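Visitor: One line per chain: the protein sequences are A and B, in this order. Under numbering that gives the first Met the number 0, the first sequence has 284 at position 285, and the numbering climbs by one with no breaks. Under numbering that gives the first Met the number 0, the second sequence has 20 at position 21, and the numbering climbs by one with no breaks.
Simulated from the structure, these hints should not be mistaken for lab results. Since this is a predicted model, take the numbers as computed values, not measurements. Treat the hints with care, since some could be wrong.
[Stated by the list, open to error] As a list, the in silico DSS-like pairs of lysine-lysine whose alpha-carbon atoms are at most 25 angstroms apart:
1) A:K2 x A:K290
2) A:K164 x A:K264
3) B:K72 x A:K274
4) B:K45 x A:K247
5) B:K2 x B:K45
6) B:K72 x A:K19
7) A:K274 x A:K299
8) B:K8 x A:K274
9) B:K72 x B:K2
10) A:K502 x A:K547
11) B:K72 x A:K264
12) B:K11 x A:K255
13) A:K189 x A:K264
14) A:K247 x A:K189
15) B:K11 x A:K217
16) A:K330 x A:K247
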Amino acid sequence: MYKYDHIDQSLVDSRAQEFKFQVERRLNGTLSEEEFRPLRLQNGLYYQLHAYMLRVAIPYGVLNADQLDQLAYIARRYDKGYGHFTTRQNVQFNWLTLEDSPAILSDLAKVQMHAIQTSGNVVRNITSDPFAGVAQDEVVDPRPFCELLRQWSTLHPEFAYLPRKFKIAINGSKTDRAVTMVHDVGIVLKKDDAENVVADIYAGGGLGRTPILASFIKGDLPWQQLPSYLNAVLRVYNRYGRRDNLYKARIKILVKALGPEQFAKEVEEQWALMKDRNDGFVEQEWQRVAKHFVKPNYLKIPQQSLFDIINLAPKDQQKSFANWLERNTKKHQVPGYLSVVISLKNHHGSAPGDATAEQMNVVANLSRQYSYSEIRVTHEQNLVLADVEQTHLFAIYQTLKQHGLARSNIGLLSDMIVCPGGDFCSLANAKSLPIAAEIAKQFDDLDYLYDLGDLSLNISGCINSCGHHHVANIGILGVDKDGTEWYQITLGGQQGNSTAIGKVIGPSFSAAEVPNIIQKIIEVFEQKRIGQESFIETYQRIGIEPFKNKVYQKVEQELANA
Amino acid sequence: MPKYIQYFKNTKPSIQDNIWLIQRESDLNPDTLGDRHTFVAFGFWKNHQAALQTKLAAQTLGIYFTVTDDILKDSELTQIVLNQASIIAIDFPIFRDGRGFSTAAILREHFGWQKELRAIGDVLVDQVLPMARVGFDAFDLRQDQNLEFAIEQLNRFSVTMQNDWRGLRTTLQEVLA
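One chain only, chain A, in its complex shape (with noise of 0.2 angstroms):
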C-alpha cells in the first residue's frame, strides 16, 4: 500500500499543528465555537450527543497492520476501547475530549494517518472497491488513481467551503462494488482500445432525503486529465450550487436542476478554460504512488478445492467452517489465494463495524502473519484480508472464531449496514443499532439465514441515509412523528452494477413492530420464491404489492372489522 514520503509527512505533521493551534485559541476562548466548527469538521471532530467524535480517514479503505494497532491504541488510550467502521471505508471514535484531539491527531500522523476532510464541506475521504488489485473481475486496479486523487484532494485551497459535502467514488472493476452511483462524483476506470487508462465520470448521484442515481457527464477522460476535469466539476458545484437551503446544497441538485446535459456543458465550458494547464498527472508523479501498488510476490501454488480446504477443518467443524467458506471468501486474481471478508455484524452484541481494541490487535496480526501485513475496510463495515493463501484459512476461521469475528454471515439478512443513529449522532430522527439488534436477534438462525440467501438489510436513523437503506433490498429509515421515533420501510433498493432505489412501502411502523414487518416480508419472500431466487430477484418479479398486502393486512383487517 501507499507509504508517505516526505512531502505526505510534511503536510500532515503541518495540519496536526495547525489543528494544535486551533483547539488552543478554542479553549483561550478566542475562536468562537460558530468559526471552529468548520475547522474542526475539516479535520474529522464532531460533537455528539454525548461527547466528542473522531472520524479517521482510511483512504479508500486500505490500512496496514501498524496503523490499525495504532486504532487499537487510540481505543484503548482515549475511547472506550472500541471503535467504529463506517459505511465510507473510516473508523469513528466516539468518546473523546476535544483536549484530547490534537494528541490523536499526532498519535496518527505518527503511522501516516490523519482526519483530514472526514467532514465538512469539502471533498471528503474518496473511496473505492475494497478488494481493489485482487478481485478476478478487475479491469483496472483502482488503488494508484485514487492515491492521486487523495492527494490532489488534500486541502485544495479553491474547495475548502463548497456549498455542501462532496464524496468522490472510484470502481476499476467489471461488477461496481464501491456503491459509484450515488457519489456526488462516481468514476469509472476502464482501458480504450489502445489499452489507456481512461475514466467514465458521472455526477450528482446521492441517497440522502432525494436519492438519485449519477448521471453520466464524461466519457473516456484520460486519468492523467482527472485534476483539471474534477477541478472544473467542482468550480461549476462551487460557483452556483445552492448555499441558501441546506437540503439542496449538494451538487445532485444542481445537476437536477440544469439536467446532466446542460451541467456537463457548464463542466465543459470551465474545463476549456484549464485544460491545457499544467495540472494533469505526469509520469514520475505516477511512478511515485504506482510503486507502492505492485503486485507482491504470491507464491506458485496449485488452486485446491473446496473438499481439499474443508478437509482442513477436523470434522466437527467442517460444515461451520464451509459456511464461513461459503460466505466470507471472495474469489482471487491468482490461483491458490483467496480473498476474507471479516465479519463485524452481529457478535457479542455490539454495533454492526463496531470492534474492540482487542479484535483490531487480532485482525492486524492476522493480517501479518498470512495477508502481506494489509487490511482493506469495506463499505458494508467489515473488514478484508485480501490475499491469503487457500491452506492458511482454516488457521485463520479458527482465530477469528476465538475473539468473536467469525460470523459467516457476509450479504446474508444479518449483515447489515447500520448508521450510529440516535443513540450517538445528533442529527438522527431516531434510534438504529437497537433496531438492529433486535432483528439480528428475530434472524439468529444462520441455517435460516443461508436458505434465505444474498439479501441486504441496511438501516438509517434520518434521512441524511448514512445507513444506505436507499440501495438496501429492505430499508429501514428512522423517522420524526410529533417527538416519537418511527421508522418507514423500503424495498426493491440494490448495489452494484443494476443499482436502484427502493420504494417506500407504506405508512411507517414503531420500533417494536419492526421485527415482525421483516418477517413479513421475509415470509412473502419464501411464499413467493421460485427455485433459489434472491430476494431481489423475487420482488422484481413479484412487485412490491404483495409485501404491501401482507404487511398492512392486519391494518386493513381492523378496519373492515371496525
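Since the structure of chain A is already known, use the hints to place chain B on it.
Guide: Leaving out everything else, chain B in the frame of chain A:
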C-alpha cells in the same frame, strides 16, 4: 490607521497600513465619494460608470465583487473594470461562503489579473492560507482578528498538493528540479 496584510507573490507576508475604505451603500450619490481611496461594489460601478470614470482613472476607486457577481457571464464589463482598475477586491459576506475562492481563481487564471487582489468582509485568520493560494495577495481581515496569527498561518505549510496561483504542486516541482 487600520492595518491589513500584504502578501505579494514571491514575497513574505507583512502588516501594512490600510488606506482603502469600503463603501457598501448601494443608493449613494457617487459624487460624494471624494478623494479617499474607496472600494465600491461591481454592481454599484455598473450603475454609475460615467460618474465614477474620473475616480477610477485616478486610481482612487477600487471595485469589489460580491458572491453573486458572475464574472464569466458578465465578462465584458469585468474586463472593462480590470483594464482600468489598480486594485480589485472580493467580498466574503460570511467566512463559510466559498464562492469568492473561485472568483479569485478565475480572475487570476482566466482574466490574467496581475495587480492587487484583496479579500474583504468576513475574512478570518483560518481562511487566509487557501485565499493566498487561489490568488489573493492582500487581506483586510475582520476587525477582531489577530494579524500576527494570520501571518503564522500563511507560513505554516511548506508543501502543496495542487498547483496554485503561487506555484506548482510540490510533487511537480520536484520532478522539474
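Visitor: Report the numbers of all earlier hints that the structure fails to satisfy, in ascending order.
Guide: 4, 5, 6, 7, 9, 12, 14, 15, 16
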